[in-house]
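Colleague: What follows is the residue order along each chain.
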Amino acid sequence: MNNLNKKGVLAIAASVALGSAAFLSPASSSAADSPHYTFAMITHGQPGDAFWDIIRKGAAAAAAKDNVKLVYLANPTASGEAQLVTNAIQQHVDGIALTLAFPDAEASAVKQAQAAGIPMIGFNAGGNDWKRAGLLGYVGQDETIAGEAVGERLNSDGSKSAICVDQQQGAVQLEERCNGIKKTYHGNLFVLYVPGYDMASAQSRIVAKLQQDPSIDYIVTLGAPFVPTAVHAIQMAGSKAKVGTFDLTPSAVNLIQQGQLQWAVDQQPFVEGYEAIDMLWLYKTNGDTVGGGQAVLTGPTFVTKENIGEVAKYAKQGTR
Amino acid sequence: MSTTAGRAEPRVMRRQAVRQPLWKAVLTRPEVGALAGAILVFIFFTIVAPPFRQVSAFATVLYQSSTVGIPAVAVSLLMIGGEFDLSAGVAVTTSSLAASMFAIEVAGNVWVGVGFALLLSLGIGWLNGVLLIWTRLPSFLVTLATFLMLQGLNIAITKLVTGGVATADISGMPGFDSAQAVFASSVQFGRVTISIAVLYWIAFALLATWLLLRTKIGNWIFAVGGQGDSARAVGIPVRRVKIGLFMLVGFAVWFLGMHMLFAYNTVQSGAGVGNELLYIASAVVGGCLLTGGYGSAAGSALGAFIFGMTTEGVIYADWDPDWFMFFVGAMLLLATVVNTWFRGRASRGR
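Chains as they are written, first to last, in our numbering: chain A, 0 to 319; chain B, 4 to 353.
Source of the hints: derived by calculation from the structure; they are not laboratory data.
Restricting the straight-line Cα-Cα distance to at most 20 Å, the calculated cross-link-like pairs of lysine to aspartate or glutamate (EDC-like) are:
(1) A/181 <-> B/323
(2) A/181 <-> A/151
(3) A/181 <-> A/216
(4) A/182 <-> A/156
(5) A/181 <-> B/321
(6) A/315 <-> B/108
(7) A/130 <-> A/287
(8) A/283 <-> A/93
(9) A/159 <-> B/321
(10) A/64 <-> A/287
(11) A/181 <-> B/325
(12) A/239 <-> A/156
(13) A/182 <-> A/216
(14) A/159 <-> A/147
One chain only, chain B, in its complex shape:
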């Protein structure tokens, strides 16, 4: 029952934030623990890994973070709304496969493929939401089922359409250059080249934060995840909010799928499996509760940033590669523990 109290917390908190001094308001935000964790990991690798100090290394870290962070922003909203999406990892690959094959086999122009993939991804999100409501099963099970089905479909349909298990190179098709400029170009800041995915990631995180904290829909998301029955009783369209959140995840995986397609030109149909857990981990490190009703979109960006720093930092530090996954796991554990400890201190200090 203690979770019930936890769920109601953010709404109370935001009302208090008006009267509190600024530093207190900042310290009680859900993402503050992730910020502390991120700073700690950053300082750690700055000390142990000299190449990590280069500005170009920072660009690489940001890029790795953005490929986890873009879906993680949408996943964090979904988790605040009280649901999981395990299909998000392979859905990225589904989207790039669909765009590539539709463009090559049917349309002859990549933009038509891009549009087709968007409809498909939103459709998968919609299906996840509708299945959840129809079956009344936990979203963990529903999306596990769609995850496994998509994994099979990715390979089976690719094989049917192309005869192989990877799509052909689309880099010569009409519309490729403009699509690449939109989804996968690079931006020059002084001497540093940053992938446009990083800019989209930051923009999405800011937009989602604004949506959560400053709009009616944001209030609905917190209410639906915190106390669904009460939310329904006060007239919030719970089903529509949940389906909408799944479709939002669909949009985010479509976006990342387009980036992957136009950055790497061909798609391996077996890719994407396992990434859904990274999105969920980023959201949780960023302050989302597994029970819903509490969390932060900006926090998910910090969570993805911690992950990006860790995976790249291990390489910059030149640690024994056999231990790679161990180091990644240990650093994530450390970041999460610091995060929880800090959050505990901060909310007690209130």
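One chain only, chain A, in its complex shape:
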């Protein structure tokens, strides 16, 4: 355990170094050659969520490479995110990468941006809405397809009864995941809502559900930070259920290696952040669009015990 810990500390040191390098490099290169464009990245990420941090690192890496200035803005509410688009227009940015998590609430702000001649790329959320909103392209995982893949996986693992742990009641893309599972899954699926990142409550609720229905044999968490909590809840309830998750964290990687987590559906958030900024740059410098009118898919890919080795080192850096 001590040895593991030392590795952990090293990994942190490495990720701090990497992280700061990624953030500093646009500034340092600007000394020699000032950035050509300013791009805004606007998301519905909750502050303090590891997943969004990886997206941001990807965006910062692309901004450094393309020599553009990146403005990162986030607000988890519909009106808040729409307001940020308006703010970005007023700052006269050269491009906007946007998560269409609340397509209807964002529609008028998107129109304003288009009227101002600002190119927009969708990413991460809004796979069904980006064409209708008139965005130039979309990079991300189709959540319904990802959910369907998970449903198939549950079938092949022999599951008869499963719960879907949802940490943000009302968020469209999380619902699409659960609904996708329902489409292909042959067993009974229950949705269990937990309140954000309050782990004690999340654990109690999962334990309660397992006690209420002992036939549950699989738990699917929609966010990887809930994996250790689900594993712990299973032990407390004396259940035999297995765990699978959407997305990845370093501790989820460890649990896959230890065999306590069966699989993780990776949508490669780093690529989403990176490609969204890079696609804006391609459009501004060369008029290019990517995807041929279709979404550029970054997932789903299953990370399991078989392929965890290669993924693990990047997850430790905080980029997967």
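Following the hints, complete the assembly by docking chain B onto the known chain A.
Modeller: Okay, now just chain B, sitting in the frame of chain A:
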């Protein structure tokens, strides 16, 4: 002005309690309404939710209650002392983040991190109290400001120190096993496993009740919250009592923060927002007045217990999860109404 009469009530009441018959003394306690509400909610879920009847389910309910109840005990004392603390929810996360990062980056042993977090949490409590006295603003505003600042600091400093927004796993560090035994172990009672947090919660509630009802400091707290000017006139150190109460909340959030850290090993820096309202709600359901000067520490434990039964009971009853928050809110409203009605009847019966 009717509140003035209400504020003086508990002191009068305790003097009367000596002469009254026991049942009357019990019925006029502030927490009796919460007890009635708790019994009602318990009977309700026992009927509608068969899995709720298992002893292991009761352990789960108690655990959920304890994570609200530990800070709620301190918050109830603070409210009796006439002040609010809106920063308590995120301060729990601040404390676990501080302990984890200090242990990993500086100390190399988790116990040093635990000590550092204690100093920090007491310091935040002290700052809340001092700001309140310096600025003379209502504590609602002062602690709202510290709440928002802590929320930002949690994320910003975590990001500066770790490069990410969650802390690394501390479960392999020196001192982890002993710290986990103290803060987050489980105790076996027959076939049921109960988290040690539940035992601490009950102990804290009993200790705070004793402090309130049997010591000079308890009298001071009631007096400071009820009639601050009169309290000052008779020589009670009002400022020191208030700062002390904020530091007590600091201690309670530190304790819960350590439990969260050692039970879950990593900390998400965005956690804790919104929980401060649950602590305040528990104290109020348990009989505290929003105006101060009246209330009960044991009542806050019953309030937290009602909350725990409700959130878990909705799951045991297998109600449609889309309606989850609605059911929780409706049950809390029901418990509070029963509580107020019962208290009204009880004090009139006197």
